[in-house]
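A.B. asks: In case you want the letters, here they are:
2 protein chains.
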Amino acid sequence: MSTASSLPDLSRLCIHTITTKPWAIETSAAKFAAAGAKGITVWRDTLAGRNLGATRQMLRDHDLSVVSLCRGGFFPATTAAERIKALDDNRKAIAEAHELGAPLIVLVCGAVPGQSLLDSRKQIQDGIAALLPDCQSAGVKLAIEPLHPMYADSRSAVNTLGQANDMVEAIGSPLVGVAADVYHLWWDPALQQEIARCGRLNALFAFHVCDWRTPTIDLLNDRGLMGEGCIPLRQIRSWVEAAGFNGFHEVEVFSTRLWAMDQDEYLQQIVQAYRNHV
Amino acid sequence: MSTASSLPDLSRLCIHTITTKPWAIETSAAKFAAAGAKGITVWRDTLAGRNLGATRQMLRDHDLSVVSLCRGGFFPATTAAERIKALDDNRKAIAEAHELGAPLIVLVCGAVPGQSLLDSRKQIQDGIAALLPDCQSAGVKLAIEPLHPMYADSRSAVNTLGQANDMVEAIGSPLVGVAADVYHLWWDPALQQEIARCGRLNALFAFHVCDWRTPTIDLLNDRGLMGEGCIPLRQIRSWVEAAGFNGFHEVEVFSTRLWAMDQDEYLQQIVQAYRNHV
Chain A
239 MSTASSLPDL SRLCIHTITT KPWAIETSAA KFAAAGAKGI TVWRDTLAGR
289 NLGATRQMLR DHDLSVVSLC RGGFFPATTA AERIKALDDN RKAIAEAHEL
339 GAPLIVLVCG AVPGQSLLDS RKQIQDGIAA LLPDCQSAGV KLAIEPLHPM
389 YADSRSAVNT LGQANDMVEA IGSPLVGVAA DVYHLWWDPA LQQEIARCGR
439 LNALFAFHVC DWRTPTIDLL NDRGLMGEGC IPLRQIRSWV EAAGFNGFHE
489 VEVFSTRLWA MDQDEYLQQI VQAYRNHV
Chain B
239 MSTASSLPDL SRLCIHTITT KPWAIETSAA KFAAAGAKGI TVWRDTLAGR
289 NLGATRQMLR DHDLSVVSLC RGGFFPATTA AERIKALDDN RKAIAEAHEL
339 GAPLIVLVCG AVPGQSLLDS RKQIQDGIAA LLPDCQSAGV KLAIEPLHPM
389 YADSRSAVNT LGQANDMVEA IGSPLVGVAA DVYHLWWDPA LQQEIARCGR
439 LNALFAFHVC DWRTPTIDLL NDRGLMGEGC IPLRQIRSWV EAAGFNGFHE
489 VEVFSTRLWA MDQDEYLQQI VQAYRNHV
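So the sequence lines, in the order shown, correspond to chains A and B.
The first sequence begins at 239 in the numbering used here and counts up by one.
The second sequence begins at 239 in the numbering used here and counts up by one.
It is worth saying that the hints were derived from the structure and are not from the lab.
Keep in mind that a hint or two might mislead.
Intra- or inter-copy, both count: the list cannot distinguish identical chains.
Mimicking SDA-like on lysine to any residue, the simulated pairs with C-alpha atoms at most 25 Å apart in a straight line are [unchecked claim]: (1) K276 x T316; (2) K360 x Q473; (3) K276 x N514; (4) K360 x G400; (5) K360 x A428; (6) K330 x L439.
It should be emphasised that the depicted structure is a prediction, and the values quoted were computed from it without experimental measurement.
Excised from the complex, chain A in its bound form (with noise of 0.2 Å):
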């Protein structure tokens, strides 16, 4: 099998905003810049109460890549009245990346319990088509992100890279490709397959890293930073980068016991472990 070699800089190091939850955006994007990570992907959570063309330039002034905007999606609705709703906030999303300079949403497209996966996946692949004209305008693409299954309840009723790429390859837009995040996909029996194929439909817009623990205590908040548990990093970066990526490695952390430490030294593992393990 083969690995990728490790990592001689940190140029494309991004750290997501929520990895470093207890952190307000302007202390996030100073820490992060003085670590010397160059990207950083922006919660809108982080926004609340900002002015968007001032935290752009916050961020420009700590030369920081805006990599992309989380998050969009949650299209399926019960009510035709719901998946509108959704569709405006998807709007309101659209206009804060490109307000913000980011280039890119990341979409968690969302599901409905007990509405069928079928019917979810129609209404995520409408949804998505119906924003295209806007994406257009503001120069914004759209990732959807393929969930693990344990999420196909509902938050995702996109579970692998295969069906990302199949609705990329439906919808046949440049505007709309794939986030593809180890933590979601690692398990995956064809994944190094999907992730080529990805690479040939141009649609491999992000990559995530972090890691699975064993045992995973929460279903949401106990990931691992990179090198605390199983997933082959090395090798599944050398697959993305095989099918073309060379964008950045975005950490993406989830971790109630990870947000309870002290958050600079925190920040000094994420580098470590980055070096180490991506």
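Given the structure of chain A, go ahead and fit chain B onto it with the hints provided.
C.D. replies: Same frame as chain A, now just chain B:
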């Protein structure tokens, strides 16, 4: 989408001893039979300290079919010595199944955190193949149970029905088939076609039911009773029946919440849920 008709009676209802974990097997057997169930799947922990011949007779006296023994498997390990030990334990399970009159052993195939899933899958396949002479002598079959991808780190490197079918084909023995559990498989976009394929392979040996709750608060012990969650049970049963399956419907629920209930009351709910939702 096709749906199966509601179940006219309890003649195909089987309950796993672990579903009513607080009860000893003698209690489970008496209560299951009194409630109208015709099958029981025995978990090995309930056999501790029992004479298997006497237990077999006890189950027969209650007119219960022993549907399967849970569980064998856990083949992968990092050392040859541990893999041999795993085979020994599986041979012990085969002997127990034979003594108990169980025609089938359910395999939780195993995985080792950090060992590549490809290696684990090879060790699983080799392990099953090594057991075939014992199965032949004992008149006991083996069912590969694909587990949900959230168990890929440490419980099973076989995570989809497609993978289980591939392994059944590769092994090519009428002694080896699949246990299809809705909890593990419901999210899979290829589920209907892989159930049909499993039927064509004459490999659909067992069908387990329960439900997926929203939110699920524990990765292991928060399963729902049928109807408490989002799994399209009746639709999946229709696919299973279209594939030619006419065996028991096995209720297998791990739930700290439901184990804490009065188990007599819970058993009534199980029967009601079976009638209403399977």
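A.B. asks: Should K276 paired with T316 be assigned to within, between, both, or neither, using CA atoms and 25 Å as the limit?
C.D. replies: neither (41 Å within a copy, 39 Å between copies)
A.B. asks: My question is about K276 and N514: at a cut-off of 25 Å on alpha-carbon distance, are they close within one copy, between copies, both, or neither?
C.D. replies: within (18 Å within a copy, 56 Å between copies)
A.B. asks: When no copy is specified for K330 and L439, does a C-alpha distance of 25 Å or less occur within a copy, between copies, both, or neither?
C.D. replies: neither (28 Å within a copy, 51 Å between copies)
A.B. asks: When no copy is named, should K360 and Q473 be tagged within, between, both, or neither for a Cα gap of at most 25 Å?
C.D. replies: between (33 Å within a copy, 19 Å between copies)
A.B. asks: Pop the pair K360 and G400 into one bin, within, between, both or neither, using alpha-carbon distances up to 25 Å.
C.D. replies: Answer is both; intra-copy 16 Å and inter-copy 24 Å each pass.
A.B. asks: Given identical chains, is K360 near A428, meaning Cα to Cα at most 25 Å, within a copy, between copies, both, or neither?
C.D. replies: both (23 Å within a copy, 16 Å between copies)
The structure does not agree with the numbered hints 1, 6 stated previously, though it agrees with the rest.
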